[in-house]
Amino acid sequence: MAEIWIFAENREQTLELLNAGRSLAGGLGAKVAAFALDGKLAEEYINHGADEVLVLPSLAEDQPLESYVSVIAEEARREKPDIFLIGGTQRGKEMAARIAARLNTGLCSGCTALRLDEKKQLVMERMLFGGAAVQTVVCTTRPQMAAVPPRTFEQASPAKGREGKVRELPPVPGTPVTVVKRTPKVRESVDVTEAKIVVCVGRGVEKKEDIALARELAQVLGGEVGCSRPVAEELQWLPEDVYIGISGKKIKPELYIGVGVAGQIQHVTGMRDSKVVLAINRDENAPIFDAADYGIVGDLYDAVPKLIKELRNALKI
Amino acid sequence: MLNTIACFKWVMDEADIKSDPKTHELIFDRVGYKISDYDRNAIEEAVRLQEKHGGTVVGVTVAPPGAKQCLKDALSRGPEKACFINDQSFTDLEPGQTASILAAAVSKMEYDLIICGEGSSDLYAQQVGPALAEKLGIPCATYVNKLTYVEEENKIIAERKLDDGIEVVCIQLPALVTVLPEINTPRIPSLKQVLGAAKKPVDNIGLDSLEGTFSPCLKTTGILAATMERRRLRFGTEAEDIRKVVEALLKEGVIA
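One line per chain: the protein sequences are S and D, in this order.
Residues in the first sequence are numbered from 1 upward in steps of one, following our numbering.
Residues in the second sequence are numbered from 1 upward in steps of one, following our numbering.
Because the hints were derived from the structure by calculation, they are not lab data.
Among the hints, a few may not be true.
[Stated by the list, open to error] Simulated crosslink set (DSSO-like; lysine-lysine; CA at most 30 Å straight-line):
id	chain 1	residue 1	chain 2	residue 2
1	S	Lys250	D	Lys34
2	S	Lys196	S	Lys252
3	S	Lys306	D	Lys251
4	D	Lys161	S	Lys249
Construct the entire structure; sequences and hints are all you get.
So this is what it looks like as structure tokens:
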């Protein structure tokens, strides 16, 4: 029987991929197997659509998560799944690339959509050229592999009375990469991916202090402040947690407001799924206007205070 | 002494790619080429390590013969030699093929460390680095934003910047790393370096000298411009215009 395999480094993404996996399983008449980093998650994964849970052994303190590559690839070589979906976090992307290399199969990374064609082949979509184009690929070897970015799919919903097998995998051999230090990320800021309204700061904002203007706008609307990549990485005015783009956060708010954002394709890829887009930029040729429903062409230092005032009036704040 | 290979890719400049508004087909008529952005960081990091520890830096690329001009560009950034793995068939390679071709050539070279960019600016599949490490059977560390070579123990300490925090790993050489753009700021080549690049040696490696077959596993069934349905309405900064924008947002139901 054909099998669909799922591996992600955390529970949330495993549930997202179970959702995607279940809908493919329907079309293929296939079983879904999910890897679990902890045996305690097995029951939950089964309730959310897994027919089998493969429990990975625990790692030594100094082994990175990527050490699972050998065990997973070995298992895949033996069991020959038809489809293998991997949660496309950074670690997930590395592991997917290495597993695909070991199995000599094709991998669609950054996969944003999945479906089956009439021949029951997996049709995968991904972005090209920094998000300017969409490429559709099929994989002629097995397993057909895809690394799927977090939050591409909704989490699977639980069903009562589901049953599944649980299987423990063999221990991981010693690995040549040793972890000498781990520093978990301190969450300084709120999660921009959860915000209904995001005010995004671009390079058009001249000074760090002027971010206050964007903050005020966000506050009036009950939204959060995000930024483009250079504002976080080059200028370091805002934490890297909040930069939006192909290599940063992908957001889908009700309203996106770009304040001095030029709209490079890499940025637009991170906000293209916003419901409504408002852009404020001095340069009428800025590409952000092509990605916007409403564009205010003008100096942000003139437009934003006026906008705040008008919003206060309209929303009676 | 540290012998480093820096891998780079010659890519279309995505800013030059246009699309047909009706058919959504991509138009490549006036497209310029460049060294993929993050590969400049890879080359720069290799050159910085050489300045500190001595040794060699070789720039390696896989491309069709027509991409020859990439060699001068890469060599002007510091490597003393380039390795040009080229064949007419090396166009639109998928990451797995590129990794296998690189592995076939690199396995015959002497190296301690291989540095790749985090991903290429055209495909951004982020596969070649880790896949190349697997094909060569050497360990790797991805998403590195700080790299130190410990000479006396012939190992590297790599700081990986990940979604959930920083992870510092230690790896005995030979090894491969992929680097993030924030690891360094690539130098702009001086005129002297640009002129000097033409005199540096290039190893031409053809398909016939590579062992193995490099067949694709993926089949592209379509490439179309990413489209977005947007209203694209324009306003000025006059009070009346701002009022219209706010009214529209209220009507859309996105603010309340």
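Results for each hint:
1. As the CA atoms of Lys250 (chain S) and Lys34 (chain D) are separated by approximately 27 Å, the hinted pair is consistent with the 30 Å bound.
2. Distance hint between Lys196 (chain S) and Lys252 (chain S) is fulfilled; the C-alpha atoms sit about 8 Å from each other, no more than 30 Å.
3. Our distance criterion of 30 Å between C-alpha atoms is met by Lys306 (chain S) and Lys251 (chain D), whose separation comes to about 19 Å.
4. For the given pair, Lys161 (chain D) sits about 15 Å from Lys249 (chain S) by alpha-carbon distance, which is consistent with the 30 Å threshold.
In this structure, every one of the numbered hints holds.
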